[in-house]
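Enquirer: Spelled out from the first residue to the last, the chains are:
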Amino acid sequence: MSAESVAGATEPVTARQPRRLSEVSLQVIIMIGLLAVLMMVSQAANSNFLSAYSLKTLSRDVAILSLFALGQAIVLIAGGIDLSVGSVMCFVGVNAIWLLSPDYGQVGMPFPLVVLLALLFAAGVGILHGLAVCLVRLPPFMVTLCSLLVFRSLARGITGDREVAYRVEDFPAFSFLGNGWSLLFPAVALAIVLSLLVFFMHYTVHGRYLYAIGFNLEAARFSGVRVHRLRIVSYVLCGLLAGLAGLIEASSVKSVAPSTAGMAYELYGITAAVLGGCALRGGQGSLVGVVIGAAILKVLQKMIIFLNLPTHLTDAVIGLVLLAAVIADALVKRRRGT
Amino acid sequence: MPLEGGQTEQAAGEPSLLAARQVTKSFPGVKALRGVDLEVQAGEVLGLIGENGAGKSTLIKIIGGIYTPDAGELFIAGQPVRFRDAHDSISAGIAIIHQELNLADNLSVAENIFLGRQPTRGPRWLGLCDKPTLHAAAAESLERVGLRIDPRMTLAELSPGQKQLVEIAKALSQDARVLIFDEPTSSLSTHEAEILFERIEELKGLGLGIIYVSHRLGEITRLCRRVQVLRDGAHVGTLKGDEITRDKMVRLMVGRDVNHFFARDEQRAAQPGEIVLSVRELRVASSPHPVSFDVRAGEVVGMGGLVGAGRTEIVRAIFGVDRAAGGEIHVAGSPCCIHSPRDAVAAGLALVPEDRKTQGLVLELGIADNICLAIKEMLARFGLVNRAAEAAAAAQQAKSLRIRAPSLEAKTRNLSGGNQQKVVLAKWLSLGAKVLMLDEPTRGVDVGTKEEIYHLILQLAASGCGILMVSSEMEELIAISDRVLVFHEGRLAGELSGERVTPEQVMTLAVGGTAA
Numbered sequence: 003m004s005a006e007s008v009a010g011a012t013e014p015v016t017a018r019q020p021r022r023l024s025e026v027s028l029q030v031i032i033m034i035g036l037l038a039v040l041m042m043v044s045q046a047a048n049s050n051f052l053s054a055y056s057l058k059t060l061s062r063d064v065a066i067l068s069l070f071a072l073g074q075a076i077v078l079i080a081g082g083i084d085l086s087v088g089s090v091m092c093f094v095g096v097n098a099i100w101l102l103s104p105d106y107g108q109v110g111m112p113f114p115l116v117v118l119l120a121l122l123f124a125a126g127v128g129i130l131h132g133l134a135v136c137l138v139r140l141p142p143f144m145v146t147l148c149s150l151l152v153f154r155s156l157a158r159g160i161t162g163d164r165e166v167a168y169r170v171e172d173f174p175a176f177s178f179l180g181n182g183w184s185l186l187f188p189a190v191a192l193a194i195v196l197s198l199l200v201f202f203m204h205y206t207v208h209g210r211y212l213y214a215i216g217f218n219l220e221a222a223r224f225s226g227v228r229v230h231r232l233r234i235v236s237y238v239l240c241g242l243l244a245g246l247a248g249l250i251e252a253s254s255v256k257s258v259a260p261s262t263a264g265m266a267y268e269l270y271g272i273t274a275a276v277l278g279g280c281a282l283r284g285g286q287g288s289l290v291g292v293v294i295g296a297a298i299l300k301v302l303q304k305m306i307i308f309l310n311l312p313t314h315l316t317d318a319v320i321g322l323v324l325l326a327a328v329i330a331d332a333l334v335k336r337r338r339g340t
Numbered sequence: 003m004p005l006e007g008g009q010t011e012q013a014a015g016e017p018s019l020l021a022a023r024q025v026t027k028s029f030p031g032v033k034a035l036r037g038v039d040l041e042v043q044a045g046e047v048l049g050l051i052g053e054n055g056a057g058k059s060t061l062i063k064i065i066g067g068i069y070t071p072d073a074g075e076l077f078i079a080g081q082p083v084r085f086r087d088a089h090d091s092i093s094a095g096i097a098i099i100h101q102e103l104n105l106a107d108n109l110s111v112a113e114n115i116f117l118g119r120q121p122t123r124g125p126r127w128l129g130l131c132d133k134p135t136l137h138a139a140a141a142e143s144l145e146r147v148g149l150r151i152d153p154r155m156t157l158a159e160l161s162p163g164q165k166q167l168v169e170i171a172k173a174l175s176q177d178a179r180v181l182i183f184d185e186p187t188s189s190l191s192t193h194e195a196e197i198l199f200e201r202i203e204e205l206k207g208l209g210l211g212i213i214y215v216s217h218r219l220g221e222i223t224r225l226c227r228r229v230q231v232l233r234d235g236a237h238v239g240t241l242k243g244d245e246i247t248r249d250k251m252v253r254l255m256v257g258r259d260v261n262h263f264f265a266r267d268e269q270r271a272a273q274p275g276e277i278v279l280s281v282r283e284l285r286v287a288s289s290p291h292p293v294s295f296d297v298r299a300g301e302v303v304g305m306g307g308l309v310g311a312g313r314t315e316i317v318r319a320i321f322g323v324d325r326a327a328g329g330e331i332h333v334a335g336s337p338c339c340i341h342s343p344r345d346a347v348a349a350g351l352a353l354v355p356e357d358r359k360t361q362g363l364v365l366e367l368g369i370a371d372n373i374c375l376a377i378k379e380m381l382a383r384f385g386l387v388n389r390a391a392e393a394a395a396a397a398q399q400a401k402s403l404r405i406r407a408p409s410l411e412a413k414t415r416n417l418s419g420g421n422q423q424k425v426v427l428a429k430w431l432s433l434g435a436k437v438l439m440l441d442e443p444t445r446g447v448d449v450g451t452k453e454e455i456y457h458l459i460l461q462l463a464a465s466g467c468g469i470l471m472v473s474s475e476m477e478e479l480i481a482i483s484d485r486v487l488v489f490h491e492g493r494l495a496g497e498l499s500g501e502r503v504t505p506e507q508v509m510t511l512a513v514g515g516t517a518a
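If you're matching them up, the sequences are chains A and B in order. Residues are numbered in our numbering as their position in the first sequence, beginning at 1, plus a constant of 2. Residues are numbered in our numbering as their position in the second sequence, beginning at 1, plus a constant of 2.
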């Protein structure tokens with residue numbers, strides 16, 4: 003019990019301590035340091051690592067991962083989880099090309115309509131997840147696990163399990179999503195999305211209530227917060243961001259195989275979110291941290307390629323980095339006695 | 003600290019702020035409240051006391067809209083009201099400060115005070131936080147409870163006492179007229195409690211009605227001019243002014259004829275045997291007081307005290323569930339190093355835990371599997387489960403304990419509380435423990451089965467087992483125990499044996515008094 007903050011029996015309780023650096027921002031600073039070290043090591047080993055082209059592709063990869071990791075982070079902050087991200091991305095990517103291009107027996111839908119349909123679908127999946135979790139009271143893990151299975155399988159069914167591809171010269175607008183402004187459009191999109199989400203989570207009451215819901219659902223409910231509505235919103239945001247990331251990814255890779263596209267991405271999203279300070283029990287996490295976490299993952303992957311290490315070791319390295327982060331977090335918490 | 007605001011003295015004859023009339027509530031097998039009345043005036047602190055299970059919590063939950071009463075009515079300022087949920091109660095101006103606070107550690111103090119009602123700017127759908135207004139309003143609420151902290155601080159940085167004041171600030175900002183404190187000082191230091199009492203005095207001066215629920219009778223005498231006592235779900239008396247003394251309160255809380263409760267027909271072991279469990283200077287993490295006591299073979303030692311006196315923690319530490327901060331444990335004369343329940347079982351200890359559904363049983367498994375959980379390894383041959391031996395052992399236990407179930411394969415989830423408890427007992431009986439520790443062995447068990455469990459405990463003692471039993475039920479403690487250790491706030495407040503084991507003596511020690 004901290005008695006030192008209590009001035010005396012007859013005095014009011016006072017605690018005008020200086021605001022200390024919050025836990026989250028400290029973590030962000032440590033991660034930026036780690037990121038810088040990784041990039042310097044890579045550059046020292048291979049001077050092409052920081053070349054303009056390499057940095058541009060890195061920015062695109064980081065942007066795509068960040069987009070869906072941010073959605074995952076919001077769901078985690080609100081105390082849920084979404085395992086369907088990879089399958090939703092795959093479904094959206096495959097169907098975008100399939101609808102767009104007349105090669106697959108379709109009329110060839112106009113680009114704006116395709117984008118609209120993709121985002122509507124992704125948001126709809128989020129609404130279904132939210133309703134199942136809030137109204138039917140199913141565990142989010144189960145609901146979104148089912149979506150993971152269903153949407154990948156549907157994507158494979160629609161295309162007859164064939165890879166779909168498009169030519170850049172035929173669909174310049176679609177190609178712009180992943181390759182525009184000399185590969186920098188995804189990063190610009192991320193910057194816009196990140197600003198909007200930071201605004202939402204930190205400057206609107208809805209975002210603050212999401213933090214409250216994730217930490218103590220009952221307290222939020224008893225305080226009159228509209229918990230159902232906000233939890234549904236968290237799943238819709240996650241779905242939308244997965245849809246957007248799916249479009250950009252399909253545009254950038256130009257050909258999508260429904261059996262492998264977006265495979266295990268939900269787990270990379272969770273990894274980035276956890277590196278960014280999200281707790282699986284909810285109520286914690288910083289969006290900027292999630293983007294840095296995503297950058298660390300992508301730099302690690304690239305580093306392994308540039309250092310000529312066997313690429314099948316990538317996941318082992320990522321797994322060990324995540325383990326180290328989780329152990330460090332647990333040790334710090336134990337020392338503080340929380 | 004000067005307090006501004008409407009200091010309206012309630013004129014005589016005006017209806018009370020909150021009144022409950024003939025409130026009745028039953029749960030399956032228990033009549034929790036039988037026609038209870040309660041009344042709080044503006045500018046009054048009403049004490050609400052009673053033994054564990056007397057119905058205080060149920061009454062509070064009904065006032066807070068969490069339970070609906072089976073019969074009876076609530077009145078706010080003379081008007082009848084009906085609460086469908088907690089919302090209705092809050093909007094009627096009632097705020098409950100729970101023992102476990104309803105706050106979110108990850109948010110700022112201001113966001114906690116205005117959770118669900120945060121001020122916004124611009125269009126409503128956008129919900130743009132109006133931080134300046136929020137912080138100003140929060141600072142004002144904090145000022146009212148005399149908490150001078152920056153409302154932007156994260157709640158996690160506050161001490162338990164400060165968090166409690168934040169909860170009060172939240173209630174005041176909701177325009178609460180009635181504040182209910184449920185054991186508010188259980189997690190506070192003396193200093194912090196002292197500050198809380200001053201705030202309560204001030205709130206009383208502001209014309210709020212306050213209900214103060216506590217086991218700590220010293221706090222009741224200090225704060226309340228009127229005390230209502232519940233016993234067995236009924237309102238058994240009200241004390242006013244100078245009548246509020248520890249003695250009178252204890253007598254009302256206990257005052258019942260315990261002689262007819264359970265006649266112990268087995269002879270008390272005339273000569274208890276050797277010491278089978280010896281606890282020396284044991285310290286648990288939650289309490290600074292070391293505890294020492296012995297249990298002899300054939301003896302039933304009761305552990306009495308109020309909820310939160312630290313008894314469960316001691317039993318858990320002996321059994322190796324939680325790590326002890328210090329001390330020694332000897333079983334049958336030899337010192338034991340117990341780091342886990344597995345070590346404890348090997349040493350000959352057994353624990354029937356407080357929460358049998360999560361700690362005592364694997365609910366999804368059948369009766370036989372549960373009974374044999376601790377002896378599976380012993381019965382196994384070459385690491386393979388010995389089904390035949392298990393079935394035989396389970397059948398024998400089920401028969402001698404008279405476990406009533408369709409079959410030994412039946413899931414324990416579907417058994418009655420009493421039969422579940424018998425399965426837990428059977429698990430340890432099959433192991434032949436030297437010391438059996440029981441934590442609230444008859445909680446949620448019907449009366450008939452209770453008697454059976456008492457007989458079992460006594461039979462075990464007669465067969466030479468040492469019994470250590472935590473119980474918050476006074477009759478059971480007194481009827482079953484040869485000796486009673488009474489705990490008060492983590493400290494062994496006293497030991498009673500023979501003629502001195504009376505409800506009055508136990509209660510006096512349990513609330514921090516000294517035995518006669």
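It should be emphasised that the hints constitute simulated quantities derived from the structure, not laboratory data. Predicted model only: the values in this text are computed from it and were never measured. A hint or two may mislead.
[Unchecked claim] Reference listing, derived: stretches of chain B covered by chain A, where coverage requires no fewer than 3 residues with Cβ under 8 angstroms from a Cβ of chain A:
(1) 117–126
(2) 129–143
(3) 313–321
[Said to hold, decoys possible] Every beta carbon over 10 angstroms from chain B, so not counted as near; a handful from chain A, in silico:
(4) Val39
(5) Ser103
(6) Pro104
(7) Asp105
(8) Pro114
(9) Arg139
(10) Leu147
(11) Arg169
(12) Pro174
(13) Leu186
(14) Leu196
(15) Val207
(16) Glu220
(17) Phe308
(18) Val323
(19) Arg336
Note that the Cβ used here is the ideal one computed from N, Cα and C, for glycine as well.
Enquirer: Take the hints in turn and mark each one as holding or not.
Expert: Against the structure, the hints come out as follows:
1. Counting residues of the stretch 117–126 of chain B whose beta carbon lies closer than 8 angstroms to any beta carbon of chain A gives 5, which reaches the threshold of three, so the coverage claim holds.
2. For the stretch 129–143 of chain B, the stated coverage by chain A holds: 3 residues have a C-beta nearer than 8 angstroms to a C-beta of that chain, and at least 3 were required.
3. With 0 residues having a beta carbon nearer than 8 angstroms to a beta carbon of chain A, the stretch 313–321 of chain B misses the requirement of three or more and the stated coverage is violated.
4. The claim that valine 39 (chain A) lies off the interface holds: its Cβ sits roughly 30 angstroms from the closest Cβ of chain B, which is beyond the 10 angstroms cut-off.
5. Every Cβ of chain B is farther than 10 angstroms from the Cβ of serine 103 (chain A); the closest lies at roughly 38 angstroms, confirming the non-interface assignment.
6. No Cβ of chain B approaches the Cβ of proline 104 (chain A) within 10 angstroms, the least distance being about 41 angstroms, so the stated non-interface status holds.
7. Every CB of chain B is more than 10 angstroms from the CB of aspartate 105 (chain A) (nearest about 43 angstroms), matching its label as outside the interface.
8. Residue placement check: proline 114 (chain A) keeps its beta carbon more than 10 angstroms from all beta carbons of chain B (closest about 26 angstroms).
9. For arginine 139 (chain A), the shortest C-beta to C-beta distance to chain B comes to about 17 angstroms, beyond the 10 angstroms cut-off, and the non-interface label holds.
10. No Cβ of chain B comes within 10 angstroms of the Cβ of leucine 147 (chain A); the nearest lies about 21 angstroms off, and the non-interface call holds.
11. For arginine 169 (chain A), the requirement that its beta carbon stay farther than 10 angstroms from each beta carbon of chain B is met, with the minimum near 42 angstroms.
12. Non-interface call for proline 174 (chain A) relative to chain B: holds, since the shortest CB-CB distance, roughly 35 angstroms, exceeds 10 angstroms.
13. The non-interface label for leucine 186 (chain A) is consistent with chain B: the shortest C-beta to C-beta separation is roughly 30 angstroms, beyond 10 angstroms.
14. With a minimum CB-CB distance of about 18 angstroms to chain B, leucine 196 (chain A) clears the 10 angstroms threshold, and the non-interface call stands.
15. Distance check on valine 207 (chain A): its Cβ comes as close as 4 angstroms (rounded) to a Cβ of chain B, failing to clear the 10 angstroms threshold; non-interface status is violated.
16. Separation of glutamate 220 (chain A) from chain B is inadequate, the least Cβ-Cβ distance of about 7 angstroms not exceeding the 10 angstroms criterion.
17. Its beta-carbon lying about 39 angstroms from the closest one in chain B, phenylalanine 308 (chain A) satisfies the requirement of being farther than 10 angstroms from that chain.
18. With a cut of 10 angstroms on Cβ distances, valine 323 (chain A) stays outside the contact zone with chain B, its closest approach being about 25 angstroms.
19. Residue-level check passed: arginine 336 (chain A) sits 13 angstroms from the nearest beta carbon of chain B, beyond 10 angstroms.
In terms of the numbered hints stated before, the structure departs from hints 3, 15, 16, listed from lowest to highest.
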